[in-house]
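S.K.: Sequence lines, in order, name chains A and B. Residues 890 to 1187, numbered by our numbering, are exactly what the first sequence covers, in order. Residues 890 to 1187, numbered by our numbering, are exactly what the second sequence covers, in order.
Note that these hints are calculated values from the structure, not bench results. Please note that the accuracy of each hint is not assured.
Same chains, same label: a pair holds when it works inside one copy or across any pair of copies.
As the list claims (entries may be wrong) - With a Cα cut of at most 27 Å, we get these calculated DSS-like pairs of lysine-lysine: (1) Lys-1083 / Lys-899; (2) Lys-1173 / Lys-1139; (3) Lys-899 / Lys-1139; (4) Lys-893 / Lys-1024.
Protein chains: 2
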Amino acid sequence: MEKKFRDIIKRLAGEQQAVIAAVSAGLDSVVLARLLHDSGHLAAVAHCNFRLRGEEAEADARFVAQLAERLGVPYHLQSFDTTDYAQAHGISLQMAARELRYNWFRQLAEAQQALVATAHQANDVAETLLFNLTKGTGLPGLHGLDERQGYLLRPLLAFSRTEILQFAREQQIDWREDASNQSLKYQRNRLRHKIVPELEQINPAFVQAAGRTAQRLRLVETFVQGIIDRSSFIEQRGNHLIINLAELSKLPGWQAVLYQALRPLGFNYAQIDQIAAGPHQSGKLFTSPTHQLNIDRQ
Amino acid sequence: MEKKFRDIIKRLAGEQQAVIAAVSAGLDSVVLARLLHDSGHLAAVAHCNFRLRGEEAEADARFVAQLAERLGVPYHLQSFDTTDYAQAHGISLQMAARELRYNWFRQLAEAQQALVATAHQANDVAETLLFNLTKGTGLPGLHGLDERQGYLLRPLLAFSRTEILQFAREQQIDWREDASNQSLKYQRNRLRHKIVPELEQINPAFVQAAGRTAQRLRLVETFVQGIIDRSSFIEQRGNHLIINLAELSKLPGWQAVLYQALRPLGFNYAQIDQIAAGPHQSGKLFTSPTHQLNIDRQ
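Isolated chain A (complex conformation):
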């Protein structure tokens, strides 16, 4: 595992680049910090306290501080008013935590001239894929994660939870178990503890297989987006997105382009289904939280 990790991090970050590990205190991120340390890339450890779990959260923060000390690198701690932020922006706690975390990571990366690595691994990809499948998503919910997106690295994507756990045991690495983690109360845990193991009965390499699928779907999405970007049937003019439905609808499967182009603008699937019903709806108006779409006379 160490050899494989070294190859990956070299490919993603080059030989010299400093990497900050985002560490929650859980298994994956503690192993990530250790592997980055051993490969000579670890520049610092960063920890987010979302102040949602009282004393548990404080204990996590202390644990990560001690880990940073043992690994001999600086420790960055940020506390967030996650509840306030969620209310102020009218979003879920989960979404709020996500935004706060990545905003801070970006600031850190800029201030420290470093990359930031998160501990997403292969099981996360498989679980997200299955979870989104239960919601009835299109391509955007099924694709995988990139190993590198700008300043963000995900060098554990090639490893499954089982491999990471085995490495932690061999190396006698300690981590803190998230108390909510063992319960089936949350949908994530239903996937992790029930559904994925059943799918592994069908194919023991299910997690890897799902990862390959996600990767291939990501390619398809990139391809469709590339066609959209080069085409003349969807065009950005200032604040306006001009969609030439009459032209677009000559292509087989053209509705796929609408899903890809309109979902990120906040239109929902039901609306896109309606728009996709045909170009003959002159004068109809569709609104998303941020945009409005007007089907114009040709």
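Starting from the known structure of chain A, arrange chain B on it as the hints suggest.
M.R.: Quick look at chain B alone, frame taken from chain A:
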């Protein structure tokens, strides 16, 4: 359910068209025959005996013959030497049964000037999607089924197993339980009895959601295929498929096109991964069971 079915079959087959129901004796296909009968479309009942399950299979055939008699339509029975066929063609029993069945359906449709309806329903789509996911497929394994493909109809795709079962109970419709069906011995049944119910704990409408996903992925596949068909980077010349890798590889996500174009020619994912690694492999040869691919000097 009868009203919804009537709308579907009218859309798929028109008012007059005769439809032959493919009936195995199981729940879905018996309900299919009954709904086709009630909507006035049922022209005949067709049953395949693959001679793989001895007396069980004979009893199924008798049951379907009686059903045809009760519904007052002709009964078509075909027996197959499935085992011989599989051995002769070096394919699995499942694949042999599939080929034999659809070849016969096509002949029937031509001889009778009729359409043939099979009883695939929404759960079949969801289960196939999940099953292929465990294998690590790309788009082709994830898309749904068409409600109509040439002479083939699948008018139950919009219904879940639960709806079909409820209808059968209300209407006091009898069917024969496939003995292998209750066992968890087969992977299909693991999906049906364990995994899908768990996913329905996350979203009770999981089957419908998976169906929508499959439908959207089918659109994407159609779109990518349309781009391939209109493009100049993949071209058919007699028995040769000419791929202009240098040109193709300028498009973002171009590897997605290779998967879509080369999979149906029998190339496997590992080979396509290798071909997708780049256009700079002049002289390399790749072979599938039916084709060979030569990366040519530009």
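S.K.: Evaluate each hint against the coordinates.
M.R.: How the hints compare with the structure:
1. Taking the closest pair of Cα atoms, Lys-1083 and Lys-899 never come within 27 Å of each other, the shortest separation being 36 Å inside a single copy and 42 Å across copies.
2. With identical chains, the CA atoms of Lys-1173 and Lys-1139 are at most 27 Å apart within one copy only, with a shortest distance of 20 Å there and 38 Å across copies.
3. Only between protomers do Lys-899 and Lys-1139 lie at most 27 Å apart by alpha-carbon distance; the minimum there is 26 Å, versus 46 Å within a single protomer.
4. Within a single copy, Lys-893 and Lys-1024 get their C-alpha atoms only as close as 35 Å, which misses the 27 Å cut-off; across copies the closest is 24 Å, which meets it.
In this structure, the one hint that does not hold is number 1.
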